[in-house]
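K.L.:
As a plain string of letters, each chain reads:
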Amino acid sequence: MLEIPVVRWGKPYQSLEVTDVGHFATGEPIAKVHQANGGIIKRDMRQAQKARDALLEFSCEELIERLGNAGDHYESGTLPIGDGTQTPEEFAYQQSSTTGLPEHMCRANMAKNSFVLKNMRKILDCLTRGLPLDVLSRGWGIEDRGVVVSYQCQSPVLGAVLPSNSPGVHTLWLPAIPLQLGLVLKPGPQEPWTPFRMMAAFVEAGIPPEAFCMYPGEAEPGAALLECCERAMIFGGTPTVERYHGNPKVQAHGPGFSKILLADDVVDDWEQYVDLMAESIYINSGRGCINCSGVWASRHTKEIAAAISERVGPVEARPPEDPEAGLAAFTVPGMAPAVWGMIETDLKEDGVTHMTEQFGERLVEQERCAYLRPMIVHCESPDNEIAKKEYMFPFSTVVECPEEQMLARIGPTLVGSVITKNESLIQAATNATHIDRLNIGAIPTTKLNWLQPHEGSIIDFLFRSRAYQVPDEMLPSN
Amino acid sequence: MTTDSTADARLEEQQKQARDRLNAHAVETVQWHFHPSTGSPFWLEKKSELDFDPLTDVKEFDDLKKFPLFEDEWLRGGPIRRWVPKGLDGKPTYVFETGGTTGIPKSRMVIDDFRIDYEMFSETLPDEYFPKGSNWLMLGPSGPRRLRLAVEHLCQFRGGICFCIDLDPRWVVKLIKKGWMEHLEEYKKHCIDQALTVLSAGHDIKCLFTTPKLLESLCTVLEEQGQSFTDTGITGIFSGGTEFTPQWTRFCIEEFFGGPPAESGIYMTPTYGNTLMGLACSKPVTAEEDYKISYYAPQPRAVTEVVDFDDPTQVVAMGETGRVKLTTLTNEFFVPGFLERDEGEREPPFALYPWEGVSGVRPFHGFASQTTVGVY
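Here the protein sequences line up with chains A and B, keeping their order.
Sequential numbering from 14 applies to the first sequence in our numbering.
Sequential numbering from 117 applies to the second sequence in our numbering.
Any given hint might turn out to be false.
[Claimed, not checked] In silico negatives: residues of chain B with every beta carbon more than 12 angstroms from chain A:
{"no.": "1", "residue": "Leu-127"}
{"no.": "2", "residue": "Ala-134"}
{"no.": "3", "residue": "Asp-167"}
{"no.": "4", "residue": "Asp-188"}
{"no.": "5", "residue": "Ile-196"}
{"no.": "6", "residue": "Arg-198"}
{"no.": "7", "residue": "Val-211"}
{"no.": "8", "residue": "Gly-259"}
{"no.": "9", "residue": "Leu-265"}
{"no.": "10", "residue": "Cys-280"}
{"no.": "11", "residue": "Val-289"}
{"no.": "12", "residue": "Ala-317"}
{"no.": "13", "residue": "Pro-328"}
{"no.": "14", "residue": "Asp-347"}
{"no.": "15", "residue": "Cys-368"}
[Said to hold, decoys possible] Per label pair, the in silico range of CB-to-CB distance:
{"no.": "16", "chain 1": "B", "residue 1": "Leu-185", "chain 2": "A", "residue 2": "Pro-350", "range": "29 to 39 angstroms"}
{"no.": "17", "chain 1": "B", "residue 1": "Trp-190", "chain 2": "A", "residue 2": "Arg-477", "range": "58 to 68 angstroms"}
{"no.": "18", "chain 1": "B", "residue 1": "Ile-220", "chain 2": "A", "residue 2": "Asp-396", "range": "35 to 45 angstroms"}
{"no.": "19", "chain 1": "B", "residue 1": "Ile-220", "chain 2": "A", "residue 2": "Ala-480", "range": "51 to 61 angstroms"}
{"no.": "20", "chain 1": "B", "residue 1": "Thr-209", "chain 2": "A", "residue 2": "Asp-96", "range": "56 to 66 angstroms"}
{"no.": "21", "chain 1": "B", "residue 1": "Gly-249", "chain 2": "A", "residue 2": "Arg-477", "range": "36 to 46 angstroms"}
Keep in mind that the hints were calculated from the coordinates and are not lab data.
Even for Gly, the Cβ is constructed at its ideal location relative to N, Cα and C.
Using the sequences plus the hints, can you model the full thing?
P.N.:
The following block contains the structure:
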């Protein structure tokens, strides 16, 4: 069993508060995790500039190079974690055992993180729209076309309050290091694995350890982190998003309510898109904010719902080590029955049909955990309450709605896959400010192009474009 | 006989004496509260509901288990006079309140208890760090609570003058419930700013009462201003009111004070208490014991026990976890077994406090998640 300390600017700190993290299915102790108190974070953050200074010793290019190596270490290396070491296989087992995610999905997430690390140059080139990265280091520079530009760094570090249940989100904070910002992370209580392994891989690749703080804990250190980092991310539910709405210091990532819209010009060929819809709903156990939770069409909705149900309805709960396991366990006691209770209430409404019912009980309770098997629910109208819901398992509604009302009725949508060739609908979707990532055509909601920004560009979050004027003698001679 | 066994025998004798004192005090207190000439209207009325006679059937402390558990809901609403023992009629009487974020707050009448409690507490303070005659700063809730008057009396009892800065915890709870976190932050700053102003005004303040959270905020702001807590000149801190954890205590001592009292010259004593009881003192907190915080009630006026979660008449085994049960035995107020909103571990007696204590005090897991705690 690993003992994982608090990390304060690269130095391990043994807290007097230690929590045991156990295997969700067996109770086997997996790790002892030291807990940070909020005061430590507030005190440490007064030294945050030192983290950026340590990274500014390297160019962005050098850091990107090292990140590529870190990707290899992360994916394949045996790395020091806490008081022990960790192989990639151990990582997948440990992450699975505390989060409930099947091991093969943990391995897939490793590959995804590694891919992002290895492709950081390209990703940053796209996110900055080709800006020379030394402009970000220096705070100003001259574009190829001879114009002075300034991007002012808004914080010496990027903080993040991370979730326990969605290892996919970690790609979002990875660009901080090559952008020369320190990383201040509060791992999710059940998921210390990715942040700690990532830090170990970074350090192994030559990134200065003093650029990192790790503050495992519950709510108090999370609040302290958000209070004292000038730029931070948090992952949570709708209340979390609402709480930080309008706070320029905090980028709140909440539920995605991602959707697929089948327009009238393609809906009669709906059978062509069943695989795409099922994949969008089911992949990664439906846990991501990019998983589809609503399929919208003007007709054939019952048939569409039945066809998706045929694909995902029979999926059974399997042990996490099973390579065929497609469902993550609910590891928090009582959560799955509570979710099921909410769904049951919504199912009572007129116009709502549970389409996966014929494939057996959805709630599967085991001794120490529970599963919810995939659910497809047909809604006769967008007014049905359940049409606005999203849950942490493969769950989607299929909503009947006239095409001309769709964009007005879908509500906030992180990923919108609008399957159509209708130019006016494409333009309307392009203009719809409540859709964040827009896919035009037959693209699963879960298929991310890493070269695109996610919920706002991290460059815009961390750097401010502003006026900067210099005398002519500071400009390069023509 | 070895030194250890001599010490054990002495402790055993001390424990017996303490128990005898408690038994006698319990009987005396029950006689007072249930005698028609001295008892309070509340307890005299309650007596008729009991299936035993407190005046004849309570012969020692353990007989208090015959009473049903005290329900703090009884303290909600009036008339407050029903709690005043007839034997104390005519004496100037205070009322102190707890909670009160929503609805009618719980109230307790007090005549001299708070002074007695804090005078007893005064005896536990080391003069080296809480110099007699030095001035105090009370940074915490006043309003309807007991704390401000009690701390001010403690200060005066030790010959000092007390400066007071108020923090209204009911408003703080409202701010949290409304999600007005910016207002919360500003309110906290408002309190700390006032504290810093008083501390900078040449009043020779050497002792402080505050809550852990406010102490942390005070230290943080001082450091942001390029100072340290040492620069305030405060050498003695009496802190309580919100949860104290060993980790927080260690962090505070190591990082804000610069080390244990012998090195930093700053001594902090955690306390545990509320309006229903007196003030439970802490066994001196040391790095050698991993900053473990063990509280000992001011027996025989108040007793804390750690009892089984399901059967509050049974104490748990030594070192085991249970709910904190409080008994208050003064001639002003009688609480025969009240289940606190906290849990902790049962601690053995030691020479300074030869009766049992409780460590690791934290919100009772049964309703910890539903309660807004530690708000100031």
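K.L.:
Taking the shortest Cβ-to-Cβ distance between Asp-167 of chain B and chain A, state whether it exceeds 12 angstroms.
P.N.:
40 angstroms, holds
K.L.:
Can you let me know if the beta-carbon spacing of Gly-249 of chain B and Arg-477 of chain A is within 36 to 46 angstroms?
P.N.:
Violated, at about 56 angstroms.
K.L.:
May I ask you to check that Cys-368 of chain B keeps its beta-carbon over 12 angstroms from the closest beta-carbon of chain A?
P.N.:
At about 7 angstroms from chain A, Cys-368 of chain B fails to clear the 12 angstroms cut-off, so the statement is violated.
K.L.:
Is 58 to 68 angstroms right for how far apart the beta carbons of Trp-190 of chain B and Arg-477 of chain A are?
P.N.:
59 angstroms, holds
K.L.:
In terms of Cβ atoms, is chain A entirely out of 12 angstroms range of Leu-265 of chain B?
P.N.:
Since the minimum Cβ distance to chain A is about 30 angstroms, Leu-265 of chain B lies beyond 12 angstroms and the statement holds.
K.L.:
When you look at the beta carbon of Leu-127 of chain B, is every beta carbon of chain A farther off than 12 angstroms?
P.N.:
28 angstroms, holds
K.L.:
Determine whether the Cβ-Cβ distance between Thr-209 of chain B and Asp-96 of chain A falls within the hinted range of 56 to 66 angstroms.
P.N.:
Holds, since Thr-209 of chain B and Asp-96 of chain A (Cβ atoms, about 60 angstroms apart) stay within the stated range.
K.L.:
Is the nearest CB of chain A more than 12 angstroms from the CB of Asp-347 of chain B?
P.N.:
Non-interface label on Asp-347 of chain B holds, nearest chain A Cβ at 16 angstroms vs cutoff 12 angstroms.
K.L.:
For the pair Ile-220 of chain B and Asp-396 of chain A, does the Cβ-Cβ distance stay inside 35 to 45 angstroms?
P.N.:
43 angstroms, holds
K.L.:
Is it true that Ile-220 of chain B and Ala-480 of chain A lie within 51 to 61 angstroms of each other by Cβ?
P.N.:
Given a distance of about 59 angstroms, which is inside 51 to 61 angstroms, the answer is holds.
K.L.:
Take a quick look at Val-211 of chain B and tell me if its Cβ sits farther than 12 angstroms from every Cβ on chain A, holds or violated.
P.N.:
Holds, because the least Cβ-Cβ distance between Val-211 of chain B and chain A comes to about 34 angstroms, which exceeds 12 angstroms.
K.L.:
Taking the closest pair, is the beta carbon of Asp-188 of chain B still more than 12 angstroms from chain A?
P.N.:
Per Cβ check, Asp-188 of chain B is outside 12 angstroms of chain A; nearest 27 angstroms; holds.
Violation of the numbered hints given earlier is confined to hints 13, 15, 21; the remaining hints are satisfied by the structure.
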